[in-house]
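> Residue numbers (numbering that gives the first Met the number 0), protein chains in the order written: chain P, 0 to 277; chain H, 0 to 288.
No lab work stands behind these hints, which were simulated from the structure alone. Keep in mind that a hint or two might mislead.
What follows is a list of derived Cβ distance ranges for each label pair [unchecked claim]:
1. H/R133 <-> P/G231: 28 to 38 angstroms
2. P/H51 <-> H/G42: 38 to 48 angstroms
3. H/P249 <-> P/I30: 33 to 43 angstroms
4. P/H47 <-> H/L149: 49 to 59 angstroms
5. P/V208 <-> H/R216: 55 to 65 angstroms
6. P/D184 <-> H/K164: 53 to 63 angstroms
7. P/L23 <-> H/P243: 23 to 33 angstroms
8. H/D204 <-> P/L29: 32 to 42 angstroms
9. P/I268 <-> H/T141: 52 to 62 angstroms
Glycine included, every Cβ here is placed at the ideal spot set by N, Cα and C.
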Amino acid sequence: MATADVERLGWLAWLGDWVYHALLVVGDFLIFSGRTFSWMFRRRPARHTLLHSCHDVGVGSLIVIIITGAFIGMVLAVQAYAEFHSLGLETRMGSLINVSVVRELGPVLAATMLAGRVGSAMAAELATMRISEQIDALSCLGANPIHYLVVPRLMACVLVIPLLTVVADFTGVMGGAMISIHLYDIEAHHYWSHSRAYLGMWDIGVGLVKSLFFGVALALISCHRGFNARPGSQGVGKAATEAFVASFIAILALDFFLAIILNALRDRIWPTPPGSLF
Amino acid sequence: MSKDRVEKFLAGSTATPTRSTVRAPRSPLTLLDVEQASMRFGGQQVLRDLDLAIERGQTLVVIGESGCGKTVLLRLLIGLIRPTVGRVLFDGKDLAQLSERELTKQRMRFGFLFQGAALFDSLSVFDNVALGLREQRRFTETEIRDRVRLRLEEVGLPENAQEKKPAELSGGMKKRVGLARALALDPEVMLYDEPTTGLDPIMSDVINELILQTGRRRPVTSIVVTHDMKTVLKVADRVVMLYPLARLRPDERQVLFDGPPAELSQCPDERVTQFIEGEARERVKNHKH
Ligand SMILES: Nc1ncnc2c1ncn2[C@@H]1O[C@H](COP(=O)(O)OP(=O)(O)OP(=O)(O)O)[C@@H](O)[C@H]1O
Ligand SMILES: [Mg+2]
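Bound-form chain H, shown alone:
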């Protein structure tokens, strides 16, 4: 084999046969690709035949009622769980096929804000945010200190909270520390699980601005799970609405809506308009009888 063919092969060019794990993405713009993925926990099916291609630089907002599988989707995207059926491709690589070491390497390109913040409760706020930086072993302690300070400032955390333990923080503060920690490594992909839940309206807007700014400063792909329609309208390029499988007919797709936020209100599906207007309608009556 000539040298350039080897190089082509290593670059994953389609001209040479590629391994099944290295597939060219559907479109050159696609960064994350969920292919026909289903997820089942024991007897409960949560996601069914989900197809979702997320482009580089896009801000995708996922909405849907509680329990429909939004968090499960985020965990699939970062490879914390594997789909029961189907694949999740990141940058053309099937996450399920990667070695532990390779998966860790790819995961470092992500930032994940967990729904419950998931702060390390034995470490101070400062050390929580610094952990990822320290683990990289390429920053000096001064660089780490400056970066952590900056990130905590961005999320509006008071200076005196830095040395506190997570247990001494309010719910909203925890969320913001989780956000600072997720942003610390300047990730290419940000996954936000309900970033504004539990925050006051002003702090919510600060976080929305931060999500926008992060996207403006450098090319970041963001996936935001939220119930907050303000967030949807402010940050989304594209909105996807999931629906719980339990209330779906077997032949229906789980994605009820997929498009720009401006089209949400014109969606012919009643269930979508009902969700964005936040009306219980017949769902309450059903419970009364």
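Looking at chain P on its own, in the form it has when it is part of the complex:
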């Protein structure tokens, strides 16, 4: 066989190998998720472990979420002002800022922030437990590691991440209003009345549904990476990094698909859109 052929085949083999392993990981992840859900409904975790996980996810993240939310709102206000001012429509800025924050940027950036803070920490913690054989020790003591370690973390994310998203939304809206009203001297009454006219319960609901999905994805991906860590301190570091990267991609992909699905759903419920910007 000519060398060129061998090289081409080598490349193909590499690709085949990569696809094969990717499929293995995805399959393993799906089984892992299925088992986590089945344990979640079979037996509730002990109260103190659940509270502990909620504390880890929530309390430590509150400050960063407040800061993230506020900056999103403020940046949006600065960017929107340039456009809206030239059209003479400054009073309507609130509609754009608030809909963007609540429907899109609040949930996505809060989840991204939490993937970095909570997700990689969970992955690193579980990876350490894996390589020091603590996970094996659990199953030798009759405790199911998925029930004992993954379920409380998943439930904490499901409960706490939507709450944190509400906080991010709130500070985002406040940040946008502060810049618009105090820096650009837009009349508060008009700003708020336009905001209220365009921001419906639907938008808030969409944001929260998204954050729920993000929370589930982030928790499952991070725990799965931790459970499958390779030995050594490098393995722990790698698990944490992979958890963040995979969660981030999953968040963006879910955001895209949920946008399509939820928009289709809205069109089905209200054949004419409830309100457009202009």
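Start from chain P and add chain H with the ligands according to the hints.
Okay, now just chain H with the ligands, sitting in the frame of chain P:
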């Protein structure tokens, strides 16, 4: 089918056809049975065609140099890993065929002292030992407290260490907490992975005594992995020596010695006497050139 036939079937009697997962043990005394098991990690073969029947109540000591697969053997016995080829039977059941729930149930009949203790580092010493008891959901909190105290006392852990986290303990203390945790549920089978490594000579002897006592108090089957010849001579009914596959000819068995400890020193195989006397001999010279 008549009622007694059903009962016979459920009891696993050989008179009726049994499922492949429920096989009568080789001898009625055999509790753990490794059948032609091989273990391979990626390209590295660690165990090859291992045959080992462990009887109820026996104390089997496994010796062999570092890296020969002793820990892998223990992990196979408790079903944490599955052999690449062959089977591991516990009480006649193939561990690889059991459902997750059934496997968990069988595992609770084991106690495992991990080589690195594997303590839960987010829990206190007390909670580490109590975890298995709490998971059983049949003990009251007072019963749990008494049992944990007793176990920690047996392994000679000072009272004030109970509320400490594993990170605040010395290596030897960790090992002893791991031992207390493994013994907490009064297991039928105890797996000890190097129980005396990292302990001072007196504490080592305390642990050896404890292994002996555990066996005397109730019928316990123990498998002890160790490098400590004192432990071998003190606790073993039977000694098995494994040899690393890398230095073995393809036609040789991996078990170099299998017999009572008294016969160890008379073993004709040089590699066995070399190991028990702890002499490097030509192995060092090989490295110099
Ligand atoms: N999970 C694993 N993945 C890959 N290789 C492994 C794994 N577990 C064990 N091995 C390999 O199997 C071999 C035997 O390991 P094992 O831990 O059983 O040694 P050991 O006899 O217990 O040694 P020691 O006395 O030092 O504890 C080693 O060469 C190790 O590299
Ligand atoms: Mg070992």
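> Given a hinted range of 49 to 59 angstroms, is it respected by the beta-carbon distance of P/H47 and H/L149?
25 angstroms, violated
> Take a look at whether the Cβ-Cβ distance between P/L23 and H/P243 falls inside 23 to 33 angstroms.
For H/P243 against P/L23, whose Cβ atoms are near 30 angstroms apart, the range 23 to 33 angstroms holds.
> Return holds or violated for the Cβ distance of P/I268 and H/T141 against the range 52 to 62 angstroms.
58 angstroms, holds
> Taking 28 to 38 angstroms as the hint, is the beta-carbon distance of H/R133 and P/G231 inside that range?
32 angstroms, holds
> Given the range 32 to 42 angstroms, decide if the beta-carbon distance of H/D204 to P/L29 lies inside it.
52 angstroms, violated
> Is it true that the C-beta distance of P/H51 to H/G42 lies inside 38 to 48 angstroms, as the hint says?
At 42 angstroms between Cβs, range holds.
> Evaluate the given range 55 to 65 angstroms for the C-beta pair formed by P/V208 and H/R216.
This hint holds: roughly 59 angstroms between Cβ atoms.
> Taking 53 to 63 angstroms as the stated bounds, is the beta-carbon spacing between P/D184 and H/K164 within them?
At 57 angstroms between Cβs, range holds.
> Regarding H/P249 and P/I30, is the given constraint of 33 to 43 angstroms on their beta-carbon distance met?
37 angstroms, holds
The structure shown violates the earlier hints numbered 4, 8.
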